[in-house]
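Place chains B, G and E on chain H using the hints.
The chain contents come next:
Number of protein chains: 4
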Amino acid sequence: MLEKLKEETLEANLDLVRRGLVLYTWGNASGIDREQGLVVIKPSGVDYDSLRPEQMVVTDLEGKVVEGTHRPSSDLMTHVALYKAFEGIGGVVHTHSENATAWAQSGRDIPALGTTHADYFHGPIPCTRELTDDEINGEYVLNTGLAIIERFQEIDPLAVPGVIVAGHAPFAWGKNAMDAAHNAVVLEAVAKMAFMTVMLNEKAGVSQALLDRHYFRKHGANATYGQK
Amino acid sequence: MLEKLKEETLEANLDLVRRGLVLYTWGNASGIDREQGLVVIKPSGVDYDSLRPEQMVVTDLEGKVVEGTHRPSSDLMTHVALYKAFEGIGGVVHTHSENATAWAQSGRDIPALGTTHADYFHGPIPCTRELTDDEINGEYVLNTGLAIIERFQEIDPLAVPGVIVAGHAPFAWGKNAMDAAHNAVVLEAVAKMAFMTVMLNEKAGVSQALLDRHYFRKHGANATYGQK
Amino acid sequence: MLEKLKEETLEANLDLVRRGLVLYTWGNASGIDREQGLVVIKPSGVDYDSLRPEQMVVTDLEGKVVEGTHRPSSDLMTHVALYKAFEGIGGVVHTHSENATAWAQSGRDIPALGTTHADYFHGPIPCTRELTDDEINGEYVLNTGLAIIERFQEIDPLAVPGVIVAGHAPFAWGKNAMDAAHNAVVLEAVAKMAFMTVMLNEKAGVSQALLDRHYFRKHGANATYGQK
Amino acid sequence: MLEKLKEETLEANLDLVRRGLVLYTWGNASGIDREQGLVVIKPSGVDYDSLRPEQMVVTDLEGKVVEGTHRPSSDLMTHVALYKAFEGIGGVVHTHSENATAWAQSGRDIPALGTTHADYFHGPIPCTRELTDDEINGEYVLNTGLAIIERFQEIDPLAVPGVIVAGHAPFAWGKNAMDAAHNAVVLEAVAKMAFMTVMLNEKAGVSQALLDRHYFRKHGANATYGQK
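Residue numbers (the numbering used here), protein chains in the order written: chain H, 33 to 260; chain B, 33 to 260; chain G, 33 to 260; chain E, 33 to 260.
Same shape as in the complex, but just chain H:
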């Protein structure tokens, strides 16, 4: 069942480790089959070294396990909420990568300070509001997803494929699991550069024209980057 998606999702999970975004088991990637409405996600707390495609867990869009003997990632309900709200995405990634997490803990949006950022994120990478005690004590993981979605009410999730959750850590997404992992790696790199930049100049910033130019260089009908 969904063998190819399991392999792709596994590969995305392993890429997070290879790229240095994950310590121990602190990360997870998922992918979705939109036709069948099924999500493939990493099992919870399993070592990456021993992870095999058949251990990946299949759930429906309510988070109900459809196939798999392992528990799904404890962040499943956030992934599912994002898939339901952001129809154009095919993969979701969550990590505690160091720099993005430091920004999340600071409660500050990661400002768009240059072209590295703008090539992938068309505007600041937003930080959610803090969850209320009721949200935390209730359906916490789902509510994390809802807080992300709330923050994107006036932001296009396809143009800003990532978020930092206040006091927590980043999520990123993309057209599939590997693309989401790619965006998570970029989010971490951008967060690291932004940290140093604001230390050097708290008022740093660039023009909207520059952000537009770089974003649309890589995205949309008029993209010019890469091979045709």
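Keep in mind the hints are simulated off the structure, nothing from the lab. Check the hints yourself; a few may be wrong.
For chains that are exact copies, the list does not tell them apart, and a pair is met inside one copy or across any two.
Here are the simulated DSBU-like cross-link-like pairs (lysine-lysine), alpha carbons at most 30 Å apart as the crow flies [stated by the list, open to error]: (1) K235 / K116; (2) K96 / K250; (3) K36 / K96; (4) K116 / K250; (5) K235 / K96; (6) K235 / K36; (7) K235 / K207.
Small disclaimer: the values here were computed from a predicted structure and weren't measured.
Only chains B, G and E this time, still in chain H's reference frame:
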């Protein structure tokens, strides 16, 4: 004698090196056999490359060597003090890992700034008071342990499995030596993120509800993380 | 056609990766054959792992592709502008290396704070002005080159073989592609040290005599460094 | 001639590279045979990869080459000055390691902020004064050595085996070349921790009693660290 514990303790020592927490010989891990009241600890100043299980030193809870031809780690008396005071622990680790040590040198507690921290430490990672000159000139290593214990008078050492010693470096503990090493790795990661967070926002912080939620997600009767 | 130059230019591109200056495909190196007026440059968005000499693109000094089935790097027109304006250079490199990019995003020149800097750069590494909206919306890549050239009106590009473009990232150059890559590596190292230095002391600086001494130790008729 | 010293000195040079203290050829280690009054030092600007014992250069204490077909390191006269002034040392190392160099560029002493520092350096790692223009334009490399010696008028170089030269970079020394390299590695580690510490707390510091305790734990007649 205690062959299994020696191997486990050696492995914990080596894990500290593999995880980048130890430069030269600046670290040590120990484990305890509670039934026999015997502690296994790394020998002092021996290179990790050549360390073998039979070189591990066995002592009693007064720090007296029971077996072994090498001197025990110079930090032995701190380990022993912690084993005597914190009955639930089975392993102790000491390192000079960079970020945790920087916090220790600053004399500041590492604040609980997010869920990465809260998944392992239920509250700030406390910094001890400075030792007095008399304590330093007396039984210094033992007094280091006593200062840690003093700091935990109103903190549960099982809920906060680590400390930073003012002007010195971190200690961590756990249910065995490898678990203590794991907590030492997390302490270092959390210290690194906290450094960047306070640079970005000196007033950063999260709600007690969030700290509780994440801590009890991984600990206690209602833990939901990982496989059953 | 230009086989040797293609191999050298490829090697310079790979060196950027080996030295940790490039994430994904975020960098490019080119070399020029001054006699023929032809530039060899990395193709756009191709993975470094699979890059082969025959994939390198040959263009003339107007940026017109003369040989090659791949699109040239999207930064081609900046490279070409620099070759036309800086007659003594034989190679150009562009990266988004972390520390240099952070400085570029801050909009600040990288000050000459010590001998490491002065051994390679005879004065601050300048930051360009921001581009206007018209420049961004027009021939953006070319205009980036023109902004660099404008910044070097009173600076000798052979004595300061690198620049940071405001809100963007560094460019470096040298007598050939590999030398340009070397200068890009040094620029990144110098940027990292300068970041920490200004955090420690915003007013740090050295005498012109020291900058002169170190620069002319490695450059010009009286150089004394290395083997004759 | 001095084959063993050449091999030891080569090994110390290579250790600097393995420990990440040296980029390109930015470092050098030397050792001295006190009986013969001869110094063995790395040749100038030669790649570490191809460095062989027979390429090491032998000089006398005036810096005159006694054996070797290569030029000695351009920093030779600083090494020689230190050997003449500090009679107890047997090895000298110079690097541009990142954190120590950042402190040198800042012009600030590296304060003794904890036990990691105190285990090796009995007090702050001093920063020299800036050289005058005359000193720079004259026998610059020798004058660098003299400025170091001047700074140690009231400091025991055996108790503080390293220095940072203002606007330049660190030197370290020890009982032989490998011990000097070891102290250079520690100086870099201590500099990194001190950077973060002063960012967290500009007023951080520890008692003289703690500095004494740790220093004399590893040094002198009453040392207790390591195996007897």
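Evaluated hints:
1. K235 / K116: Neither, since 37 Å and 35 Å both go past 30 Å.
2. K96 / K250: The answer is between: 22 Å across copies meets 30 Å, while 37 Å in one copy does not.
3. K36 / K96: within (21 Å within a copy, 42 Å between copies)
4. K116 / K250: Answer is both; intra-copy 26 Å and inter-copy 27 Å each pass.
5. K235 / K96: Classified as neither; 47 Å inside a copy, 40 Å across copies.
6. K235 / K36: Neither. Shortest intra-copy (47 Å) and inter-copy (46 Å) distances fail the 30 Å Cα cut-off.
7. K235 / K207: Answer is neither: 34 Å inside a copy and 37 Å across each miss the 30 Å cutoff.
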